[in-house]
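The hints should help you fit chain D onto chain B, whose structure is shown.
Protein chains: 2
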Amino acid sequence: MTSDSTISTNPLVDTFTYRVDPFDADFKGQLSWDVLGKRILSAASLHADKRGFNSIVKDGTAYLWVLSRMVVEVNRWPRVGEQYSISTWVKTSYRFFSERCFALTDAQGHQVGQVLTIWAMINSLTRQPELLDHLFEHSISQYAAGPLTNTVERSRRLRANSTTPLMERPTYYSDIDTNGHVNSIRYIEYLLDAFPLSHYVSHQVSRLEMDYVAESYQGDTLKLYLDPPAADHPEGVAEMRKANANDEETVCCRCAVRFAPRHET
Amino acid sequence: MTSDSTISTNPLVDTFTYRVDPFDADFKGQLSWDVLGKRILSAASLHADKRGFNSIVKDGTAYLWVLSRMVVEVNRWPRVGEQYSISTWVKTSYRFFSERCFALTDAQGHQVGQVLTIWAMINSLTRQPELLDHLFEHSISQYAAGPLTNTVERSRRLRANSTTPLMERPTYYSDIDTNGHVNSIRYIEYLLDAFPLSHYVSHQVSRLEMDYVAESYQGDTLKLYLDPPAADHPEGVAEMRKANANDEETVCCRCAVRFAPRHET
Chain B
1 MTSDSTISTN PLVDTFTYRV DPFDADFKGQ LSWDVLGKRI LSAASLHADK
51 RGFNSIVKDG TAYLWVLSRM VVEVNRWPRV GEQYSISTWV KTSYRFFSER
101 CFALTDAQGH QVGQVLTIWA MINSLTRQPE LLDHLFEHSI SQYAAGPLTN
151 TVERSRRLRA NSTTPLMERP TYYSDIDTNG HVNSIRYIEY LLDAFPLSHY
201 VSHQVSRLEM DYVAESYQGD TLKLYLDPPA ADHPEGVAEM RKANANDEET
251 VCCRCAVRFA PRHET
Chain D
1 MTSDSTISTN PLVDTFTYRV DPFDADFKGQ LSWDVLGKRI LSAASLHADK
51 RGFNSIVKDG TAYLWVLSRM VVEVNRWPRV GEQYSISTWV KTSYRFFSER
101 CFALTDAQGH QVGQVLTIWA MINSLTRQPE LLDHLFEHSI SQYAAGPLTN
151 TVERSRRLRA NSTTPLMERP TYYSDIDTNG HVNSIRYIEY LLDAFPLSHY
201 VSHQVSRLEM DYVAESYQGD TLKLYLDPPA ADHPEGVAEM RKANANDEET
251 VCCRCAVRFA PRHET
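Same order as they appear, the protein sequences are chains B and D. Per our numbering, the first sequence runs over residues 1 to 265. Per our numbering, the second sequence runs over residues 1 to 265.
Extracted from the complex, chain B is given alone in its bound form (with noise of 0.2 angstroms):
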């Protein structure tokens, strides 16, 4: 059994609270998926780089994390001026993958979201991912705090079966980051602009699942192939491709998402 105590008190688990500013916020007033999903990102970077495995050099070559896989579950999302929280630690770590979880808890220190990542540590010049142990001489485990309140599950498959695109999107400076590739969180906004705004005047995610395969890059255009929520199937499910010259397709991600009513205060 866990509770809320058993993240405040770990060593392993980093706390970073903020609080909802005027224009962190959606039409609705709540919590932007652009803001939470940096923010993530942001927990996840400044808790690896206190312990020193942010990124590795070994025999010269520079190593980074690349995020693999995210699932996101928001029961309530916190609205503008109201501060929250996410905590954040590493679940375990195999092979060539570490599973990070994240609670996202409100100014009364309930739990209204929670997170679950993969990453991959790849080589900043191949692009490939390398085993972990090798990498850190078997001394990554120490991190290793297991589920904690994390009881995320992830899909075992995600595939859209659209052969239409619903929307074509090119790729600019402001989507760009550090990694020098298409922001994460920037196909998650993408996905969620392909529901038009009279959509999110009723819903609100609820769960989301981000599957990256490929990175895009500046002046790659993304197509978006939704297979949208229906009666059989509650969850909308796409795939982002990127195309080139030749106009062959790579997948650069694959989506689920699920709505839940919106909750109104």
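No wet-lab data here; the hints were simulated from the structure. Computed from a prediction, not measured in an experiment: that's the story for all the values here. The C-beta atom is built at its ideal place from N, Cα and C for all residues, glycine as well. Just to be clear, a hint being listed does not mean it is correct.
[To be verified] Computed list of lysine-lysine pairs in DSS-like fashion (alpha-carbon distance at most 30 angstroms, straight line):
(1) B:K242 to D:K242
(2) B:K58 to D:K28
(3) B:K28 to D:K58
[What the hints assert, rightly or not] Among chain B residues calculated to face chain D with C-beta under 8 angstroms, some are:
(4) D21
(5) P22
(6) F195
Coordinates of chain D only, in the frame set by chain B:
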């Protein structure tokens, strides 16, 4: 003669301190426009909220501030991990307009940027501006602190000559803020995205001026007309227009952007 102490000790000034988190930055690790812009708007909102003049209800009708003009000058962009502060105060008010200043200060207390904004208060139903002295019964001047350290001058005229749109961009859920319109900072992102990533390898924005003329809404397509910087005019000048179903265009904003060589640290 003004100095930083004019700001820090003035009860009419509020200061908000932040740190550039890992994903608050552009691809070169400098504070992103998106984050800076939204924090400028937030600072204005929080400063006015604290003093009770952020929105008012008069004769049963709600009135709210809309941004009419924004001029941003930045000498040195804070980098990932750096602390920075945004100070804000009302400079003056006259007829329909209130001018608000901002100072951007680094962790050592040096002013690295300054901002001048001009706001009107509109009737939330008719979207028409109202005389401030009428709304506030001549009490608005009590908040006016004068220019203090702020030396920003607005341009007399911003007009692009281009007759061919360089880019078209639909508007989506993620573009809309709690005012129900495309967020003011999105137009800045859109303008800066008209320049390729390679431009930002060697350049950074040193001055940006936005003249907000008409609101746009989710579903509008924005067209960008740009006169790029050239030898005889160092500023890029742009216009963004929305088109209706009859393809009649309405100017949403006019912009000017000036670049300087990017400072590396």
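Comparing the hints with the structure gives:
1. B:K242 to D:K242: Between K242 (chain B) and K242 (chain D) the Cα gap is close to 28 angstroms, so the pair holds against 30 angstroms.
2. B:K58 to D:K28: 24 angstroms, holds
3. B:K28 to D:K58: At roughly 24 angstroms apart (the allowed maximum being 30 angstroms), K58 (chain D) and K28 (chain B) satisfy the hint.
4. D21: This hint holds: D21 (chain B) lies near chain D, its Cβ roughly 4 angstroms from the closest one there, short of 8 angstroms.
5. P22: This interface hint holds because 4 angstroms falls under the 8 angstroms limit.
6. F195: 7 angstroms, holds
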